[in-house]
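Trainee: The chain contents come next:
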Amino acid sequence: MQIELHVNGKAQVIEVDDPDMPLLYALRDDLGLSNPRFGCGLGQCGACTVHVDGRAVRSCVTPAAAAAGRQITTLAGLGTPEHPHPVQSAWIEEQVNQCAYCINGWIMTAAELLAHNPQPTETEIKLALDSLICRCGTHAAALRAVKRAAQSA
Amino acid sequence: MNKIDMNKIDMSQIDMGSKIETLPLDRRAFLASSGALVITLAASMEFAAPAKPAQAATNGAATRPPLTGDQLSSYITIDADGTVAAYYGKIDGGQGLGTSIAQMVAEEIDVPFEHVRVVMGDSGRTLDMGGASAAIGVSHGGMVLRRTAALARHILIETAAGALGLPADQLTVTDGVVHAVADGKRSISYAELIGGRYFDSKVDWNGKTSNALAVNVKVPLKTPDQFKVIGKSFRRRDLPGKVFGTLDMVNDMRLPGMLHARMIRPGIAGAVPVKIDESSIAQIPGTQVVWIKDLLAVVAEREWNAVKAARALKVTWSDSQPNFPGNEGLHAHIRNAPVVKRFIQRENGSVEDGFKQAARILEGEYEYPTQSHASMGPACALADVRADAATVWTSTQKPYDAAACVAELLGLPREKVRAIWMFGTGSYGRNDAGDVTADAAVLSQHLRRPVRVQYMRHEGLAWDPKGTASVSRNRAGIDANGKVIAYENIGKAFSRLDISTREARAADVLAGHLLGLPLRPEQSFEIPVASYTFDHGRLGWETIPPLMDRASPLRTSHLRDPYGPPILFGSESFMDEVAAATNMDPVEFRLQYLKNPRDRDAVRIAAEHYGWDKRTSPRKGRGDDIAIGRGIAFRRHFDTFIGLIAEVRVHRATGKIELARYVCAHDVGLIVNPETLRHVIERQLVYGTSRAMFEEVRFDQDMVTSVDWLTYPVLHMTAVPEKIDIVLIDRPEAAPSGAAEMALGLVPAAIGNAVFDATGVRLRRVPFTPERVKTALERA
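Line by line, the protein sequences are chains U and E. First residue of the first sequence: 18, per the working numbering; consecutive thereafter. First residue of the second sequence: 919, per the working numbering; consecutive thereafter.
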């Protein structure tokens, strides 16, 4: 079957043999957008996070067919070096990451938070990011970066 | 002591790390053709390329001499545009090593930082410097490149002397241009001298490879007063590509015609496939079963179909009864298990006499759990095996060893296997990256097509090599005056080397075991560095047999800071016990028995920065509902000296511990990049908190039952330490030591000691889960 996906402002049609195939595999294997990553396949870690209609979703447990026709944004589509999203700028300023395998979850979830709550409290930031995993221990730096992004907005 | 305040650093000196890596060719075409992602190339070329040479260079060799340790070109080359390429036979596991290496090379060869690119971990282009190991990326590999860069500068000046008709001692170098000291216009650039060609000079190499590789260079290195690049906080070069989603990791690599594979693991450890029902996956398009001896996998043209087939495949497994002790019975098992090897690693005085003279003897035991690497991403690798040669793409820390392992598995000569390291999920020790590389190679050889293998989440937790559990036994003999006169510390554990951390042998990877090779364990554990000066001391260890002789989900190898947390949790908690038993303040106690000035400074400076008031533990008022306490732990590891103080709040009703503050005084000798150093220390303290507070591999008699992030809990955002103060002790006169893992080993003891200070209750078992803490409080 065919599915039309609107990713980073561009509509593309993919041919799949299983409508339940998670969006993650459509993005990576069919569209060649490699940067949302497989971390758990269970929706527990966030490494595969993208925005669907502005909401941060875990693409490893979202069927590709369910995202058909909706606006999908990946980390690479959120901002560019020339036009960075404030969260991306803050991530650079704070030099947050080590390996960055987890980065999609953190930046995309923080961007969603600030879109709906531009001036969150520290507790609100922590709670918003509490379902994400990072194994390099960048949590404290990520917290600083989200505060910085909120201030700059 | 020179404390560096990041707020006072001149931002104009900081490299504009926001320069974005954009590869000149189509990314995938570039990867497919060159097989390597040189992440620093474009960053330096595109934004800060040196001026093109006015004339083509003619010195040196037109082609690169053989990649051997005695050739200068194996370490340093100069591109046609004057960019310096440094060939680093280690890797950057995500802690910014590539940036620090570029700084060291730029300093010695006298070019701007931006004009150095670093090529890492490609067995076809870089010498075997051991890959990542023991946090010695700067102290060993970095120093090799620093010395060869100094030699290269010397040779370039000698060559320029001939070209300019001036004596070498009247020449100097500014930003890659050799010029007369007296007349800057009489000059010739590195690009004009040798750009695009290769040094044909020899290096005095010690003939060794891996971590032992060393070079002897008589040209003096720059001294700290001459530093322009070392010591500055250049920004991480790899981060922009990561933040903007443009940097490809090994799991993003694609090869034309490749198949996706998933491994099939048994539900009971030790079971092997005896019957496969291939019809169970017949409806899933483009799938195929690969069954070689006991190694079982499915492959598919589409990745998702490989995942589905791995779930759907019906396998009949052999009967296996591993009779594991279970994680709850593990420490009883360790205590009762026969000793394979007992080794007294350090002894001074006469411990038996010391204990005989003692007025009283204090004993304390501490238990540390099995822990998983639990890497953020399950391991992934690609292999393209042809009839007479093979290439693997891997994020293992040990690409050279992985190549040797793959060569053995495939029956190819070692030199016919090229391992290309790429960025991947963070790797802090011998995780599953070596196993997946071997799996990919075996499958590609069998299928005669390129193969990409990615493990699933349960494999990343249940099947990675584990950090060993241990029981730490401590004894102290105290004389009538309260002086500690005898100390004994014996750690009993599985060997930390069931499988070699170097993964160079087929017997060290799961694929090797499944193809018939038994475990070939070495016997090793460790002791705490004997910094304390007790009259009589004995430090040693005992290892016990592995739980299974091959393909064990509980096989042990190096997990980050391979023996620090288990050993120091015991020894540094016990020092606190002894301090309390002798009515001494824990800081004062340590200072009394530490004599080395750098040891003492680490403890003293941490205490001063914290605002430590002198008193014994536990504190008064510990009956409060929320009890507050502070604890210190100290270690020397190689030539790194660390004092760590933790401040905690203990909720008596629930047993929950909150981390209010860390103060870490950190002496690593010469500091190459202060911001990166702070970065590395802060993040490892957070990671170490996860290990101390949350992490334990659970298993029953059959199999590991920690298979996802619910059954292997780790630290999340709401548990992050609230304040982390890092005090860098800069010693420019001292050689740089390591920093990537040394502080984390202190975390369990620092927290445990703080809980004792808060509550008077001693924690003897990691992780400090609320249930366990609550039970300990109730028993007190």
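Honestly, the hints are just simulated from the structure, not real lab data. Positions of the beta carbon are idealized from the N, C-alpha and C atoms, including for glycine. Certain hints may be false.
Restraint-style ranges between C-beta atoms, simulated for each label pair [to be verified]:
hint, chain 1, residue 1, chain 2, residue 2, range
1, U, Glu-141, E, Thr-1623, 54 to 62 Å
2, E, Ser-1236, U, Asp-34, 56 to 64 Å
3, E, Thr-1623, U, Gly-26, 39 to 47 Å
4, E, Pro-1331, U, Gln-29, 54 to 62 Å
5, E, Asn-1134, U, Gln-136, 39 to 47 Å
6, E, Leu-1628, U, Gln-136, 53 to 61 Å
7, E, Val-1257, U, Pro-36, 56 to 64 Å
8, U, Glu-141, E, Gly-1042, 24 to 32 Å
From the structure, some residues in chain E lie toward chain U, with a derived Cβ separation under 8 Å [claimed, not checked]:
hint, residue
9, Arg-1375
10, Pro-1592
11, Glu-1593
12, Tyr-1605
13, Val-1632
Trainee: Going through the earlier hints one by one, which of them does the structure break, listed in rising order?
Mentor: 1, 2, 4, 5, 6, 8 and 10
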